[in-house]
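**Q** In case you want the letters, here they are:
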Amino acid sequence: MNFDRLAVYELFAEYGGLLDEGKYDAWLGLFADECQYHVVPRENHQQGLPAALIYCDSRAMLEDRIRALGEANKYNIHTDRHIIGLPRIVAAAPGGLRVEAPFAVYQTDQEGEARLFATGLYRDQIEAAGGRLRFREKVILLDNFAVPSLLATPL
Amino acid sequence: MNFDRLAVYELFAEYGGLLDEGKYDAWLGLFADECQYHVVPRENHQQGLPAALIYCDSRAMLEDRIRALGEANKYNIHTDRHIIGLPRIVAAAPGGLRVEAPFAVYQTDQEGEARLFATGLYRDQIEAAGGRLRFREKVILLDNFAVPSLLATPL
Amino acid sequence: MNFDRLAVYELFAEYGGLLDEGKYDAWLGLFADECQYHVVPRENHQQGLPAALIYCDSRAMLEDRIRALGEANKYNIHTDRHIIGLPRIVAAAPGGLRVEAPFAVYQTDQEGEARLFATGLYRDQIEAAGGRLRFREKVILLDNFAVPSLLATPL
Amino acid sequence: MVTAAIWPALDYSRVPYLLYHDPDIYAEEQRRIFRGKVWSYLGLDAEIPKPGDFRATYVGDTPVIVNRDAKGEVHAFVNRCAHRGALVRRELSGNASNHICIYHQWCYGLDGGLTAIPFRRGIRGQGGMAPDFDMSAHGLRPLRVGAVNGALFGTLDPDAEPLEDYLGPPILAQLRRLLDRPVRVLGYNRQRIRGNWKLYAENTRDNYHASLLHEFLVTFGLDRSTQVGGVKMDHRHRHSITWAEADTDDDIAQQAYADAGVRSNFLSLQEPDLVTFRPERADRLNLVVTSVFPSSVFVQISNSLAIRQIRPRGVDEVEVFQTMIGYADDTPEMNLHRLRQANLVGPAGLVSMEDGEAIEIAHRASGPDRDRTTVIELGGGGVISDRDYRVHDVPLRGFWSYYAELLDIEPAGAVR
Amino acid sequence: MVTAAIWPALDYSRVPYLLYHDPDIYAEEQRRIFRGKVWSYLGLDAEIPKPGDFRATYVGDTPVIVNRDAKGEVHAFVNRCAHRGALVRRELSGNASNHICIYHQWCYGLDGGLTAIPFRRGIRGQGGMAPDFDMSAHGLRPLRVGAVNGALFGTLDPDAEPLEDYLGPPILAQLRRLLDRPVRVLGYNRQRIRGNWKLYAENTRDNYHASLLHEFLVTFGLDRSTQVGGVKMDHRHRHSITWAEADTDDDIAQQAYADAGVRSNFLSLQEPDLVTFRPERADRLNLVVTSVFPSSVFVQISNSLAIRQIRPRGVDEVEVFQTMIGYADDTPEMNLHRLRQANLVGPAGLVSMEDGEAIEIAHRASGPDRDRTTVIELGGGGVISDRDYRVHDVPLRGFWSYYAELLDIEPAGAVR
Amino acid sequence: MVTAAIWPALDYSRVPYLLYHDPDIYAEEQRRIFRGKVWSYLGLDAEIPKPGDFRATYVGDTPVIVNRDAKGEVHAFVNRCAHRGALVRRELSGNASNHICIYHQWCYGLDGGLTAIPFRRGIRGQGGMAPDFDMSAHGLRPLRVGAVNGALFGTLDPDAEPLEDYLGPPILAQLRRLLDRPVRVLGYNRQRIRGNWKLYAENTRDNYHASLLHEFLVTFGLDRSTQVGGVKMDHRHRHSITWAEADTDDDIAQQAYADAGVRSNFLSLQEPDLVTFRPERADRLNLVVTSVFPSSVFVQISNSLAIRQIRPRGVDEVEVFQTMIGYADDTPEMNLHRLRQANLVGPAGLVSMEDGEAIEIAHRASGPDRDRTTVIELGGGGVISDRDYRVHDVPLRGFWSYYAELLDIEPAGAVR
Ligand code: FES
Ligand code: FES
Ligand code: FES
Ligand SMILES: [Fe+3]
Ligand SMILES: [Fe+3]
Ligand SMILES: [Fe+3]
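Protein chains in written order, with the numbering used here: chain R, 1 to 155; chain H, 156 to 310; chain F, 311 to 465; chain U, 466 to 881; chain S, 882 to 1297; chain V, 1298 to 1713.
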């Protein structure tokens, strides 16, 4: 287990680090070829409602969104900073893990003012293939679903 | 030591995860049969004053409080989110560890607005028994002792 | 690698813990004899400008600052709390590591009110010597470079 | 206090920035508009199907409860205890047979009436309320409730005109079109924008900004100003319907955008489903935004259906609360299609995230000098009327004309 | 500005929500009440036992220092430098022989007098203060200080009536009872509630809410409205004492609560010490809450003893600062007992946490329409008087009657 | 509104705390001072060397763009779209051939003129702006720009006196001295202080506080009030130059501080470079702080060179925006020396961090009673004039005298 756990830690450290550097293509590399990425307001999760803020049920949709972000969308110019708590391995299945990790994301505007932007829980499926770990599914439970300003760059 | 440290990390990950899910009974399972749980305002700690915000010098009192929370008390409806920093093993005695970990807790209200609720330091005694780690004593040094709104769910 | 990574984790845990306790001399002990410590506003970093908020290109300057803090400077009375995310080992060279870790620092005033004080990224050079790890260079990229109130105690 | 003298132009083509930034004006708006004779969207029948079902909502910044009583009738009332003003119902939604305030446990029925006061007669015959205390005079402040095809509206003014008159034929027709079969709620999303609520109300009426601000629309060929479309209003011009028809401009689109110097390099998506319009009706409408004064918006963008409440949160912040809906009889495929197209709207919406930014930068930059004004004359100034083209912002003047009327600051000789 | 016309009822049984939300009224309160002729609790002799001991506190929102001089005398003064207004003493507590402002190091004695100005005569005979500068006219603004059994009070009004007259016999008697032997400070706790300070002042006077809001009291059999108890006030009804006696209602308690439809299924604790009352005096009083106008509260709940300062922090927030005390001669067992029963009070208190929530939801829901009012008539309206039963809120009207007097907004023909 | 009656002393030696805390006064200051006839520092030529280079800055709290056009000319204008008030340029700096607002893509030239409106003529001849819409009347609000040796200033008042007259000979001389050769920008730092902007403006003019508040200066022998130094002002006394010469007091320093009872135990640093002054000119000046009314400050402390903008952020907060500079021809050694001495200034500055604290505690403690005043009479009261000694705060009275003039609240018989 030790190796696994440290590899999981490293995976989350990379996940946050790459996002905060804006290296979205490298970040996409942390996802499996077949993957899902959803940002779900806790409000909907609690009421059993399916709608999400971001709903990507294929890698294609996730890549489309990243592309749109670069090619078409305009949003507040900012810096993200992810603080991810210790991941918790909820279940270990052959070839995969169910892992949860709490997170807080801060955004700093162009004039250097920071604010808490998001808190929540990553609920992930991680697959081990070719000696490395990648996200097969990432469901982001967003605690503060009254989104401050807008949600552009990935959580 | 490696195993120990990773087991300690896992213990804290579970501690925060269970609280944030509101699984208080499972959370009680992380404490030893003989345990203490205290939330101490830094103000009192610094002045050497004994009064605490929550003072449970037995497992019975801790269980009483959890029960009261469910049966009798009313408080702001909210979601907790614990972000716990890397635990630091301060001392290792046979059958036990002294561990410290910094934490930040965010609360999100029903309408999805988050705020920083608490920051502080866990100062814990952890005992290893039957191959697993449990808290024998948890002293929570509360930095922001001017408690926002009220303190109901455990830190 | 495992040992390294856990030792790195422990180093950062100590780094934050010692600062939050105000044990600045012990904290200095985490730096190599030849070391650098810089706090750089992200604004300057992005524009390729050299000026820093704190610029210590020698251990002597770092010690001078810590001494001045105790002997000469006056600043807001407060408590620091560092929450440091999982460190990410960016490169491993013989006898040294390049490590990055995101951080958030909260400050609590004397009346127990907390606020987010700083977020950013540690970009460090760590050397392994005599069986222990120490910082040879620590560059602190400050996201919220519009510094709240003032910056006295080290980040 | 603000007066009619504030308007530099009689046709509401100039709006002084003061109106977006003055706290006293905000208080007046809450009193004269939101707590006045307007009708506000409260929720859907489908959200409270069973007796005892309730949901918390807002009218302006006033907290309101909507619920269904035992007889199946819908009631709405202000969520403030008649005793000492506490929020009576703290949960956002649920099912209950009455509403009990936690402070002293005064109990209210599903019609908002006060039904019980603990120890009303005291103990041992001592204390409690005076015998002549009139329970019936201390219920929760009621709203009048009306509905259009299951969309619930409420007003705090007992003398407000009937809902159907308030909405008028064109709006009614559009709501009935959108809600022509039983709906299913897919979920909610919320966005807190640091700007005055009226900047958002204008945005939803602003036909001009869509394809210019939301580049995604043009970049990925979802919607263009060159499509056949326009705006329809009620006779008071307080409400507005922005509409457009699919695939009606392939001839001229690219040229027009090129002329305007606006980038329109139609990229394509790996997953085209995101922008594929699946007609659900005889008409070709693929974009319909129905704005009901002051703060309700009904939206169809392709197959993404939503209802928005504009919730003012003080003069400097607004929450956009959006309910995503589909139809009860949607096939699993259509349901998935809607969940995917939900990516288009909301705080993370590929064709809506820009609004949050636009409103925040407008609020910020307009704050400092408040005697300066906006310019609203796309489609020309003068008399306010429907248009069958898309490059205009006429409905904004309609909004302001009715706003001025309710705040009693209409300039003499106003052109409407 | 607010006027006497604001009161809809002459007996203060209706309070307009405006009074909890208007910033100008807040400023008036600070000026006419807190910086006026009232006496405010400042701290305990036991907190500054030695010469040079000081503590920072507040009177309303004005920062104040209390200290003991070399002669052992206690002084209090506003913590604002006479030079350019900086906080002179930044630490919350400590021991010092004088107070030096960091900005320009002006130095003040323990009596608040200005004792030294650096470079007062300049350097090389150039600069510094004018020779005729009157040091004695530039001390720290002093408070008059009074004490009751070691509880220190202060007022900023030199013409305020004497402390003992201000408190009156019943309050004096209770303070002397609570402080009948040397106290030991066990610690402090603080709670920041997002509500107006007066909502908290009312809460401490509200006999009616206790067993209804704080279910723990009833659930675990600690306190019930059915016990023998009541309220006592000073002759101006500005202060109030809520009292109750232990074990005086076993006969009727359950029945009464059942009738009132209030749950009272007495659960039991694994650690009964938390709710076990250990009598410390001849009387059977197990609950005494003494509220001194405007913002001081002395509390005995079972064996948990505390003193609270209500600290306004603007119109929308209040801090409750609580000092937990025991007696110098407490046995180790009693000391442990008090530390355990401290679980009952404060921000995490099992019988107090609800107050924070009740006040916040009252502040939130009452904000929007401010012309509406509360209802205060448990125990009936009309003349304000002591009661020997518990189901009433009479002392709230006492609070408002004196509040109106100090703000000079008493209605003609007010019933008090 | 505030009137001349507010001044208790005719020589501005007493300032009522109200002026630091009243939001209406803040609004007046923005209108009458910052958007009035003063000149504000905008930036440096060296920051926008190439055509198309732009930077975002502020005049008071009004967002402003400074850029260089194709002809190399510098223009400045308010960063607020003439259409509906959005921030036109969102980036802080960059290079562009025009400025396009994201909301509806209105396009402005580098001179601030409106150059293009998308779909101005509509589509298919429908919609767009009325034909008679005057583009030239809807540019970005321009500032007049002036410069002193590459330091750019701007004013929003077309009738403001010329920059050189505004500054006056002594200030001009100092700016020309500081900027006597091409500068290189080393970087920026920002500090958000929870205090009114005028507390900072006073601080930079306060000769008295330096060696008393900033103990580092004395402890490590960097600067002392005993050095030869003083203050010079323009003829209106609105600006001020605080100056001191190095190593001119070794004789008396220690004694004087000992007499004043101020600690001056000269410690030494392991890295003396931090406090080593390397003369760069014939003069011996090692400290020059030039404060230009209302909010620009040019600073030389040893070899650390900086320019500060005081940016008000509402009545209760100020940002100090500081540009660290060196000279284009600095040797690598001198460059390193400046980077090291940058440790002295800014939010973490060893001789400046205290200012943030001093201002915050002054703002906090002065808030509660606003009818009380500061005392400004170091160096005596009466007529305002230059001084050739350091223990005084005369320039503060100069600041207030011009402040009163611009706010039109000068007392009759004011002494200036
Ligand atoms: S406030 Fe609702 S019952 Fe008293
Ligand atoms: S402000 Fe206190 S000494 Fe100047
Ligand atoms: S607001 Fe700038 S283009 Fe419309
Ligand atoms: Fe839009
Ligand atoms: Fe209570
Ligand atoms: Fe200074």
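I should point out that these hints are in silico values taken from the structure, not numbers from a laboratory. Glycine included, every Cβ here is placed at the ideal spot set by N, Cα and C. Fair warning: there could be bad hints in the mix.
[Claimed, not checked] FRET-style restraints, in silico, Cβ to Cβ:
(1) V/D1429 <-> U/M799: 47 to 53 Å
(2) U/R743 <-> R/V90: 36 to 42 Å
(3) V/A1555 <-> S/Q1007: 17 to 23 Å
(4) V/V1712 <-> S/P932: 43 to 49 Å
(5) U/R642 <-> S/F1147: 42 to 48 Å
(6) H/S213 <-> U/G559: 33 to 39 Å
(7) S/P932 <-> V/F1563: 31 to 37 Å
**Q** For every hint, state whether the structure bears it out.
**A** Each hint, compared with the structure:
no.: 1; hint: V/D1429 <-> U/M799: 47 to 53 Å; result: holds (50 Å)
no.: 2; hint: U/R743 <-> R/V90: 36 to 42 Å; result: holds (38 Å)
no.: 3; hint: V/A1555 <-> S/Q1007: 17 to 23 Å; result: holds (18 Å)
no.: 4; hint: V/V1712 <-> S/P932: 43 to 49 Å; result: holds (45 Å)
no.: 5; hint: U/R642 <-> S/F1147: 42 to 48 Å; result: violated (60 Å)
no.: 6; hint: H/S213 <-> U/G559: 33 to 39 Å; result: holds (37 Å)
no.: 7; hint: S/P932 <-> V/F1563: 31 to 37 Å; result: holds (34 Å)
When each numbered hint is compared with the structure, a violation occurs for hint 5 only.
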